[in-house]
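The listed protein sequences derive, respectively, from chains V and U.
So in the numbering used here, spot 106 of the first sequence is number 106, and the numbers just go up one at a time.
So in the numbering used here, spot 1 of the second sequence is number 1, and the numbers just go up one at a time.
If you're looking for bench data, these hints aren't it; they were derived computationally from the structure.
We treat Cβ as the ideally placed atom computed from N, Cα and C, and that holds for glycine.
Check each hint, because a few of them may be wrong.
Unchecked claim - Interface residues of chain V toward chain U, partial, derived using beta-carbon atoms under 7 angstroms: (1) Q40; (2) E41; (3) N42; (4) V43; (5) V45; (6) D46; (7) G80; (8) D83; (9) W165; (10) E168.
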Amino acid sequence: MKHRPPLISSIALTLAFVASAAGDPTIDAAKSSIIATFRQENVPVDAPLKKFNGRIDYNATQPNAAKAALEVDTGSLDLGSPDYDSEVRKKEWLDSGTYPKASFISTSVKPGAAGHFDATGTLTMKGKTQTLTVAVTVSQAGKAMVFDGAFEISRAYFAIGSKEWEGEVDDKVKVRFHLVE
Amino acid sequence: MLAMQQPRPAYTRPAAYTRTAVTLHWFIALLITAGFTLGATMTDLHMSPRKLRLYSYHKWIGITVLALVLLRLLWRAAHKLPLDEPMPPWQRIAAHATHWLLYLLMIVTPIVGWMYSSASGYPVVYLKLWQLPDLVSKNKQLADQLVDVHATLAWTLFGVVMLHAAAAFKHHFFDRDATLRRMLAWRRS
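Input sequences plus hints: build the corresponding full structure.
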């Protein structure tokens, strides 16, 4: 419970940010994907997060001013089998009952080569926050902007995972995203 | 090896199989027994790390059977088989049909299992070391169908193995011929 305030404030921030730009393009969830890859006994298992929303403000002429805010429903993680899906929503794992959302809010953006930038921001999950920098590739698909990238997180840091599965599932979870706006 | 290549006069004792063939036969038999038993029981287990491990072992066993059966077919193509024991033509036809059905099932059952694994989004990582390519892309509906096909094939294989074993016992205990014996000891030469 003591972890709630930062989560609530980050959600509030996200909402405020999303709301402030009502009418502006937001991420098209139907065309986008966020996939977490777990490794169990060396078997990579892709688990898409099916529900998320957010927006990325990006202007190629002013890449420094880019901003991103994303919110993901932790209960929408799909491991491909009902048993594992219900396990991963439990308290020891994502605890989706208490922490239904995870969020990423950018704090600064460092432009790189054309079509690339490093977004630094705060990832909030299960009441814990982590500052991370994500390398993002931008491309244009018709009228839409497409943002691709990947980052790795530690389950232990966010206290995600039960004792029973310790050593079975790698601590590192790779998250890759393909966001179309 | 060389003696095998030469046609045997009909009056000699029928040749046994070579050491390679006998070893492959019994090793594959052992693997099928283990793989089938695992497959038939693991699905009912409660979700746990152990269950996932058993699934992995089951997959490794299946892939091993697939590889060994392909080896066995290569062996078969390169060697002359021992002569059949005297038996009525229908039995001879039934025996050979059973053998080919076994080969077919030993190849198709693991492949469909592998496809099921791919369609479920769980790649096969052989012996925890080598990730095998996905045969189909992730597709829940297809996975649900493939698991049924895999189970049907496995139970059919079980039935055909039983028939094959029953026939071997019949030859051994009732006909008292060398059919089973030639698969129990490899050729002395």
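With a cut-off of 7 angstroms, does the beta carbon of V/D83 approach a beta carbon of chain U closely enough for the hint to hold?
This interface hint holds because 4 angstroms falls under the 7 angstroms limit.
For the hint on V/Q40, just tell me whether its beta-carbon gets within less than 7 angstroms of chain U.
With a closest approach of 6 angstroms, the V/Q40 hint holds.
Are V/W165 and chain U close enough, Cβ to Cβ, to be under 7 angstroms, as the hint says?
holds (6 angstroms)
When the least beta-carbon distance from V/N42 to chain U is tested against 7 angstroms, hint result
At 5 angstroms from the nearest chain U Cβ, V/N42 passes the 7 angstroms test, so the hint holds.
Under 7 angstroms is the threshold here; is the Cβ of V/G80 close enough to any Cβ of chain U for the hint to stand?
holds (5 angstroms)
Would the hint on V/D46 stand, with a C-beta cut-off of 7 angstroms toward chain U?
Since the shortest Cβ distance to chain U is 6 angstroms, the answer is holds.
Just to be careful: measuring from the Cβ of V/V43 to every Cβ in chain U, is the smallest value less than 7 angstroms?
For V/V43, the interface hint holds, since the closest Cβ of chain U sits about 5 angstroms away, which is under 7 angstroms.
Given V/E168 was flagged as interface, is its beta-carbon under 7 angstroms from a beta-carbon of chain U?
With Cβ-Cβ at 4 angstroms, under 7 angstroms, it holds.
Minimum beta-carbon distance criterion (7 angstroms), V/E41 to chain U
Cβ of V/E41 sits 6 angstroms from chain U, so the hint holds.
Does the nearest C-beta of chain U fall within a distance shorter than 7 angstroms of the C-beta of V/V45?
At about 6 angstroms, which falls below the 7 angstroms cut-off, the nearest Cβ of chain U leaves the hint on V/V45 intact, so it holds.
Of the numbered hints stated above, none is contradicted by the structure.
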